[in-house]
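Spelled out, the chains give:
2 protein chains.
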Amino acid sequence: MTGTTITAQPGTPFVEVTREFAASREKVLRAHTDPELVARWLGPRGMEMEIIEYDSRSGGSYRYVHRNDRGEFGFRGVFHAVTGERIVQTFEFDGAPGQVSLETATFTDLGGRTRLRSRSVFLTVEARDAAVESGMERGITESYERLDAVLEKGE
Amino acid sequence: MTGTTITAQPGTPFVEVTREFAASREKVLRAHTDPELVARWLGPRGMEMEIIEYDSRSGGSYRYVHRNDRGEFGFRGVFHAVTGERIVQTFEFDGAPGQVSLETATFTDLGGRTRLRSRSVFLTVEARDAAVESGMERGITESYERLDAVLEKGE
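If you read the protein sequences in the order shown, they are chains A and B. Reminder that position 155 of the first sequence reads as 155 in my numbering, one-by-one numbering, no gaps. Reminder that position 124 of the second sequence reads as 124 in my numbering, one-by-one numbering, no gaps.
Bound-form chain A, shown alone (with noise of 0.2 Å):
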């Protein structure tokens, strides 16, 4: 399994991700875009994950909740866009309101594997690396070995 590759240049507001998957396009959109999928991989280990909305069509809004013994923890968006290799959409953590970011991710058909890059844009670099601090990292590293367990299972 190829590893996550998470790039924050100093001084700027972007993240960028890249991460490949063993599977095709078509499922690993599937897993981004089905909520009973993102359910089972989005977020890092040890969370309960409660999803309230998730209308991944363009101009759809999803909202989703994680819970664990420290707290409640509620993140919201809109998707701008949805296509069969694109997924742009706004990202917004309940904890630090006003403070969104735009989120654009791009699925790579390999033949038979997929690559995902994304690119995040904060509207300060501030922000950015507030938010990189607070465990983004971690965030994204385990939910992407979540998701390799929901492929493997076919899914």
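Mixed in with the good hints there might be a few duds.
[Claimed, not checked] Simulated coverage check for chain A against chain B, where a stretch passes if three residues somewhere in it have a Cβ under 8 Å from a Cβ of chain B:
1. 76 to 89
2. 93 to 107
3. 116 to 123
In case anyone wonders, no lab produced these hints; they're calculated from the structure. All values derive from a computational prediction rather than experimental measurement. Ideal Cβ placement from N, Cα and C applies to all residues, glycine included.
Using the hints, position chain B against chain A.
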């Protein structure tokens, strides 16, 4: 009337705009959320404006087309959040598909006057530069002059 200040620091993906209007915050906000009013000022002079969709609620979508003798220019996006003092939305020009930006506009009540500060962020510095070079500054400056006229009529 205070002029429009537009800042695009070299090497960053940001565009910042500051402008004051001689009207209450409620009126300036309504001119941004009521599609009949939006159609009267959004865009540079000399453009015919057709609003196809303008659902300016959190989670709503918008789409409009500007036309002149040089052609047709379509724009679309989603409203991430619309409150009594802030609008956060995505923005995409049909002529630059995939170059989505995120804009947050904050409306500050100055007692009969309103300060609008907006901050847009693009996915890359290059996309920001291309937007600025495409005439973004003229579009913003003329739009806000037209908005002054709409507000002067008491709307």
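Q.
Quick check: do three or more residues in the stretch 116 to 123 of chain A have a beta carbon closer than 8 Å to a beta carbon of chain B?
A. Held - the stretch 116 to 123 of chain A has 4 residues with a Cβ nearer than 8 Å to chain B, which meets the minimum of three.
Q) How about the stretch 93 to 107 of chain A: do at least three of its residues have a C-beta closer than 8 Å to a C-beta of chain B? A) holds (count 5)
Q) Are at least 3 residues of the stretch 76 to 89 of chain A within less than 8 Å of chain B when you compare beta carbons? A) holds (count 7)
Of the numbered hints given earlier, the model fails none.
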